Amino acid sequence: MNPVATPFFFYLLSAIAVISALVVILKKNPVHSAMALIVTLLALAGLYLMLYAPFMAGVQIVVYAGGIMVLFLIVIMLVNLEEAELQDRFNKMWHVATAAGLALGGLLLFVYYRGARLFPDAGPALPENQNTQAVGIMLYRNYMLPFEIASILLLVAIVGAVVMAKKRV
Amino acid sequence: MFLNLIWLIPLFPAFGAAMMFFFGRRAPKAWVNAVCVGMVVLAFLWSCGAVWQFTHSGQPQFEKTVYTWLGDGTGKLTFPTHGGAPAEFKVECGFLLDPLSSVWLLFVTGVGMLIHIYSTGYMAHEGGYYRFFGYLNLFMFSMLTLILANNYVLMFVGWEGVGLCSYLLIGFYFHKHSASTAANKAFIVNRVGDAGVLLGTFTILWLFGTVNFTGVTAAARTNAAELMGSPLIMAATLALFVGACGKSAQVPLYVWLPDAMEGPTPVSALIHAATMVTAGVYMVARSNALFVLAPESMKVVAIVGAITAIFAASIGLVQNDIKRVLAYSTVSQLGYMFLALGVGAFAAGVFHVFTHAFFKALLFLGSGSVIHAMSGEQDMRYMGGLRRKIPVTFATMLIGTLAIAGIPGLAGFFSKDEILWQTWSSNGGAYRFLWYMAFATAIMTAFYMFRLVYLTFFGEPRMSHEVEHHVHESPKSMTVPLIVLALCSIFAGYLGFPQSLAKVIGIHAQTNRFEHFLEPVFARQAAPALEHAGEGHAVQQAAAGEHHEGATEYLLMFLSVAAAGFGWWAASRAYSKAGKGYAEPIQTVAPPVYRTLLNKYYVDEAYDYVFTGRRKIGAVRLGAQGLGSALWKFDSEVIDGGVNGTAWATRTLGAVSSLWDKYVIDGLCVNGPAVVTRALSYPVRMVQWGVMQWYALVMVAGIAGFIWYYVLR
Amino acid sequence: MLEIGTTHYLVVAAMLFIIGVIGVLTRRNVVIILMSIELILNAVNLNLVAFSRLYDLHGQVFAMFIVADAAAEAAVGLGILIAFFRNRETVNMDEVDLLRW
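Residue numbers (my numbering), protein chains in the order written: chain A, 1 to 169; chain B, 170 to 882; chain C, 883 to 983.
FYI, nobody ran anything at the bench for these hints, they're computed from the structure.
Where hints are given, some of them may not hold.
Just a sample of chain A residues kept apart from chain B, beta carbon distances all over 12 angstroms, derived [what the hints assert, rightly or not]:
(1) Ile19
(2) Val39
(3) Leu73
(4) Asn91
(5) Lys92
(6) Met93
(7) Val96
(8) Leu104
(9) Gly105
(10) Ile137
(11) Leu139
(12) Ile149
(13) Ile152
(14) Arg168
Pairwise CB distance ranges (calculated) [said to hold, decoys possible]:
(15) C:Ile962 with A:Phe119: 35 to 41 angstroms
(16) B:Thr819 with C:Leu980: 58 to 64 angstroms
(17) B:Arg854 with A:Gly115: 20 to 26 angstroms
(18) B:Leu822 with C:Asp976: 55 to 61 angstroms
(19) B:Arg854 with A:Ala99: 39 to 45 angstroms
(20) B:Tyr832 with A:Asn29: 56 to 62 angstroms
(21) C:Asp979 with A:Val96: 38 to 44 angstroms
Listing some non-contacts, in silico: residues in chain B with all C-beta distances to chain A over 10 angstroms [unchecked claim]:
(22) Leu177
(23) Leu211
(24) Gly227
(25) Pro229
(26) Thr391
(27) Asn489
(28) Gln547
(29) Asp809
(30) Gly823
(31) Lys831
(32) Thr846
(33) Gln862
(34) Leu866
(35) Ala870
(36) Ile872
(37) Val880
For clarity, every value in this text was computed on a predicted model and none was experimentally measured.
The beta-carbon is built from N, C-alpha and C at its ideal position, and this holds for glycine as well.
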């Protein structure tokens with residue numbers, strides 16, 4: 001497929017992502033923040049599509065937005081919300097933290113500015129319809145071991161989460 | 170035998186005193202009498218034997234050294250003398266018997282013996298009988314040591330001893346405040362004089378290298394030419410004379426003698442009339458070789474003697490206490506003696522000492538008899554008309570008064586007349602101005618003595634009826650000594666019968682035995698060397714007792730008799746009919762003069778202001794007490810102030826130190842590191858807050874740092 | 883500007899990263915903090931995928947693993963949160979002070 005109106009979509013999706021990310025951290029109500037995070041994830045999925053990674057986009061939506069965020073929402077439901085809404089959003093050191101974060105951001109942007117010539121701006125257009133296969137081949141061929149370990153990791157996580165959330169009877 | 174054992178003479182009364190000290194308290198009176206009086210009698214007899222032996226030995230003097238008291242002959246105690254020649258320091262316990270000391274020996278032991286006998290009667294009813302006799306014997310021991318010593322230091326031992334006994338005996342009635350005060354006064358004033366004696370002795374030792382009388386006299390006489398007028402000799406003699414003033418009660422150190430009448434009357438008779446007060450005269454006479462070498466000192470001696478004579482006589486004119494009159498009379502007569510010594514008439518002075526001892530002792534003992542008869546009354550204003558009631562006392566006192574007034578035929582006339590003549594004629598008439606003072610004194614002496622007799626024995630009785638009924642004659646133990654002394658007062662004078670009078674009367678026997686007897690002591694051995702010595706020449710002439718004739722002498726003799734007669738007449742006019750409330754003539758004529766004389770010229774008060782400091786002048790206290798209070802103030806303010814200041818400084822230093830400790834040491838050095846550590850630890854603590862976001866922040870900061878460091882640099 | 887290069891994607895990723903970091907450091911609510919952590923992970927994912935376009939597909943595979951990891955971590959984190967909430971009845975980060983001095 002030929003990319004069409006790439007800048008427009010890029011800027012649109014980027015804006016949506018960044019703005020909803022801001023909403024995530026600025027809202028008092030955690031449900032609102034979760035909703036905003038879902039929006040961010042969806043925007044990111046769109047950005048993945050623009051980067052010729054459709055599999056990644058799909059995984060993003062299915063796993064992240066569909067799985068993790070649902071988990072978040074369930075937990076938010078379990079947790080006391082009224083009290084949280086009455087309290088302050090930010091903690092005592094938010095000035096310093098913001099400054100540090102912005103400093104780090106500035107640093108990163110400076111690095112990108114300087115090192116922009118280190119890598120090419122655009123690469124060859126990869127075939128999209130071959131993406132999933134390619135990822136699968138690479139996953140099961142080159143990264144077999146990490147794949148197995150990741151499964152164990154997930155097992156451990158499940159067991160841990162269950163144990164953690166279990167009621168002590 | 171007597172002479173060889175001459176050292177026994179002082180030891181007899183010493184033994185008596187020791188007996189009293191150990192056994193006296195429980196001894197019966199008879200035993201005390203036997204021991205003490207017996208010892209003095211023994212001493213007198215021994216003295217008579219010794220003097221008899223001496224005079225028949227033909228020697229000019231007899232000296233016996235018993236043992237060496239200070240120093241030894243090993244040569245370790247050499248010291249350089251004034252001339253540079255080294256001398257050995259040695260003080261012996263030695264005895265010297267020459268004409269001078271034999272005169273003193275005889276009358277001291279004789280009069281002492283009589284007074285001891287008298288005291289057995291006088292003190293019969295007093296408490297402390299054994300103590301009294303013990304002190305009296307101790308006094309005799311000291312006086313005999315003084316007289317018989319052969320050197321200045323041993324004489325000084327006796328000197329101090331008589332001063333001590335004087336103190337003990339004046340303060341015999343120590344329960345009486347006035348008596349103990351008087352005793353203190355006597356001792357202290359004596360002490361002032363003693364400093365003079367010591368200084369004089371030291372100077373003599375330094376000059377001559379020896380304190381021996383014979384040594385000093387010989388050295389002085391052989392070196393007379395270069396020593397004449399030497400300032401050191403003058404200093405030594407003046408120092409000795411100061412001591413004599415203290416002991417013999419001359420101006421200004423006479424103040425103790427009148428107060429010394431607080432003691433019992435025998436004490437006054439023995440010590441303050443006959444013996445102790447003559448010690449000063451003895452010392453000056455003994456040092457005549459030195460005095461002759463210092464004409465200025467002799468002048469001082471003569472002037473002081475004359476002033477004392479007239480001063481004391483004037484006070485005696487108005488005193489009302491019978492013993493006080495006699496006390497001032499003693500001071501006045503002592504003035505006469507020093508006047509004689511000062512003009513160079515040493516023999517005349519000694520002769521007056523000799524006669525004065527008899528009649529003054531007689532007068533005092535007589536007054537004691539009067540007081541005994543009057544049941545203790547001493548004030549003449551309350552006496553009168555006693556002559557028929559106590560005839561023996563009256564007769565003897567009258568004889569004594571005639572003697573002291575200088576009525577011809579009795580002892581006092583000869584001695585006093587000799588002094589007056591010598592004053593007028595010696596030294597080429599240089600001392601004539603003193604004769605006038607002596608003459609006036611003679612008038613006053615006759616006046617006050619006869620005043621005493623008239624007020625006491627004549628006139629109407631002025632006493633209370635009780636006392637009048639008790640008036641009785643004294644027991645034989647008291648009257649017999651009075652009679653003996655009266656006889657001596659009459660006949661002792663003939664020893665000094667002047668040659669001029671003998672010529673007039675036509676006696677061709679040996680005249681003026683006394684002066685001849687004393688010649689070896691006072692005559693100059695090296696007469697030719699003195700021919701060129703100016704002033705000393707005239708003195709030498711007088712001392713040698715030159716024969717003198719001429720109308721002047723008879724004129725003066727007549728004048729002195731006239732003086733005595735005038736005084737007697739004036740007294741009889743004023744007092745012979747004295748009844749109750751009689752008037753004092755001086756008071757009638759010049760009351761201020763009377764008051765001054767009655768108050769003794771306020772000398773004691775002046776001394777209180779200046780020397781003792783018992784009275785303050787305004788706000789200032791002078792004298793000894795003033796010095797004491799000044800020193801006390803110095804001590805309490807300066808020295809104690811210094812101590813307090815040191816304490817304050819120490820306390821302040823302690824406070825500063827504690828502040829330093831509290832704030833600097835504890836605050837800075839101890840707490841400081843703790844505070845610094847705590848302050849420093851605050852940020853360090855924050856590393857582990859327990860707030861997780863903080864960790865995350867640190868991580869972010871760390872990442873930023875890493876990126877910056879590794880990527881961008 | 884108009885020509886979208888890799889750098890653009892990197893910048894976006896950086897912005898998301900910073901927002902996530904600020905969110906972690908600043909918010910009091912533990913749930914929001916966990917969500918911010920998800921943001922950070924997603925920013926990294928974007929970074930990886932952007933670079934994988936230039937080179938081989940290694941980046942995408944890595945991003946996949948990250949997604950899996952993020953899921954596991956979210957699950958465990960929320961489990962911990964629930965356990966903590968049961969004890970303390972609060973989701974305030976300030977109250978997580980058992981290890982504070």
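Results for each hint:
Every C-beta of chain B lies more than 12 angstroms from that of isoleucine 19 of chain A, the closest at about 23 angstroms, which supports listing it as non-interface. Once the 12 angstroms rule is applied to beta carbons, valine 39 of chain A is consistent with being away from chain B; the minimum gap is 25 angstroms. The Cβ of leucine 73 of chain A sits about 23 angstroms from the closest Cβ of chain B, beyond the 12 angstroms cut-off, so the non-interface label holds. With a closest Cβ-Cβ approach of about 6 angstroms to chain B, asparagine 91 of chain A is found to fall inside the 12 angstroms limit, against its non-interface label.
With a cut of 12 angstroms on Cβ distances, lysine 92 of chain A falls inside the contact zone with chain B, its closest approach being about 9 angstroms. Its closest Cβ contact with chain B, about 7 angstroms, brings methionine 93 of chain A to no more than 12 angstroms, contrary to its assignment away from the interface. A beta-carbon of chain B is positioned within 12 angstroms of the beta-carbon of valine 96 of chain A; the least distance is around 7 angstroms. For leucine 104 of chain A, the condition that its CB be more than 12 angstroms from all CB atoms of chain B is violated, with the nearest at approximately 4 angstroms.
Its beta-carbon lying about 9 angstroms from the closest one in chain B, glycine 105 of chain A breaks the requirement of being farther than 12 angstroms from that chain. With a cut of 12 angstroms on Cβ distances, isoleucine 137 of chain A stays outside the contact zone with chain B, its closest approach being about 34 angstroms. Here leucine 139 of chain A stays apart from chain B, with its beta-carbon at least about 30 angstroms from theirs, past the 12 angstroms limit. Residue-level check passed: isoleucine 149 of chain A sits 25 angstroms from the nearest beta carbon of chain B, beyond 12 angstroms.
Isoleucine 152 of chain A, annotated as away from the interface, keeps every beta carbon of chain B farther than 12 angstroms; the closest lies near 27 angstroms. At roughly 24 angstroms, the least C-beta separation between arginine 168 of chain A and chain B is larger than 12 angstroms, which holds for a residue marked as non-interface. For the hinted restraint 35 to 41 angstroms between isoleucine 962 of chain C and phenylalanine 119 of chain A, the CB-CB distance of approximately 39 angstroms keeps it satisfied. One distance hint, 58 to 64 angstroms for the beta-carbon pair threonine 819 of chain B and leucine 980 of chain C, holds here, with the actual separation near 59 angstroms.
Between arginine 854 of chain B and glycine 115 of chain A the C-beta distance comes to about 39 angstroms, which lies outside the given range of 20 to 26 angstroms. Between leucine 822 of chain B and aspartate 976 of chain C the CB atoms are about 57 angstroms apart, so this pair conforms to the stated range of 55 to 61 angstroms. Hint check: arginine 854 of chain B to alanine 99 of chain A, Cβ distance near 22 angstroms, so the stated range 39 to 45 angstroms is violated. Distance hint check for tyrosine 832 of chain B and asparagine 29 of chain A: the Cβ-Cβ separation is about 59 angstroms, which falls inside the suggested range of 56 to 62 angstroms.
A hinted range of 38 to 44 angstroms is violated for the C-beta pair aspartate 979 of chain C and valine 96 of chain A, which are about 19 angstroms apart. At the 10 angstroms boundary, the C-beta of leucine 177 of chain B stays outside the reach of chain A, the nearest C-beta of that chain being 124 angstroms off. Taking the minimum C-beta to C-beta distance to chain A, about 127 angstroms, the non-interface status of leucine 211 of chain B holds against the 10 angstroms cut. With a least CB separation of 139 angstroms from chain A, glycine 227 of chain B remains clear of the 10 angstroms interface cut-off, as annotated.
Residue-level check passed: proline 229 of chain B sits 132 angstroms from the nearest beta carbon of chain A, beyond 10 angstroms. Look at threonine 391 of chain B: its CB is around 124 angstroms from the nearest CB on chain A, clear of 10 angstroms, so calling it non-interface holds up. Against the 10 angstroms criterion, asparagine 489 of chain B stays outside the reach of chain A, whose nearest CB is about 117 angstroms from its own CB. Non-interface call for glutamine 547 of chain B relative to chain A: holds, since the shortest CB-CB distance, roughly 117 angstroms, exceeds 10 angstroms.
At roughly 70 angstroms from the closest C-beta of chain A, the C-beta of aspartate 809 of chain B stays outside 10 angstroms, upholding its exclusion from the interface. The Cβ of glycine 823 of chain B sits about 52 angstroms from the closest Cβ of chain A, beyond the 10 angstroms cut-off, so the non-interface label holds. At roughly 40 angstroms from the closest C-beta of chain A, the C-beta of lysine 831 of chain B stays outside 10 angstroms, upholding its exclusion from the interface. For threonine 846 of chain B, the condition that its CB be more than 10 angstroms from all CB atoms of chain A holds, with the nearest at approximately 25 angstroms.
The Cβ of glutamine 862 of chain B sits about 6 angstroms from the closest Cβ of chain A, inside the 10 angstroms cut-off, so the non-interface label is violated. Once the 10 angstroms rule is applied to beta carbons, leucine 866 of chain B is inconsistent with being away from chain A; the minimum gap is 5 angstroms. Remark: the non-interface label on alanine 870 of chain B conflicts with the geometry, its nearest Cβ contact in chain A lying 5 angstroms away (cut-off 10 angstroms). With a least CB separation of 6 angstroms from chain A, isoleucine 872 of chain B falls inside the 10 angstroms interface cut-off, contrary to its annotation.
For valine 880 of chain B, the requirement that its beta carbon stay farther than 10 angstroms from each beta carbon of chain A is not met, with the minimum near 6 angstroms.
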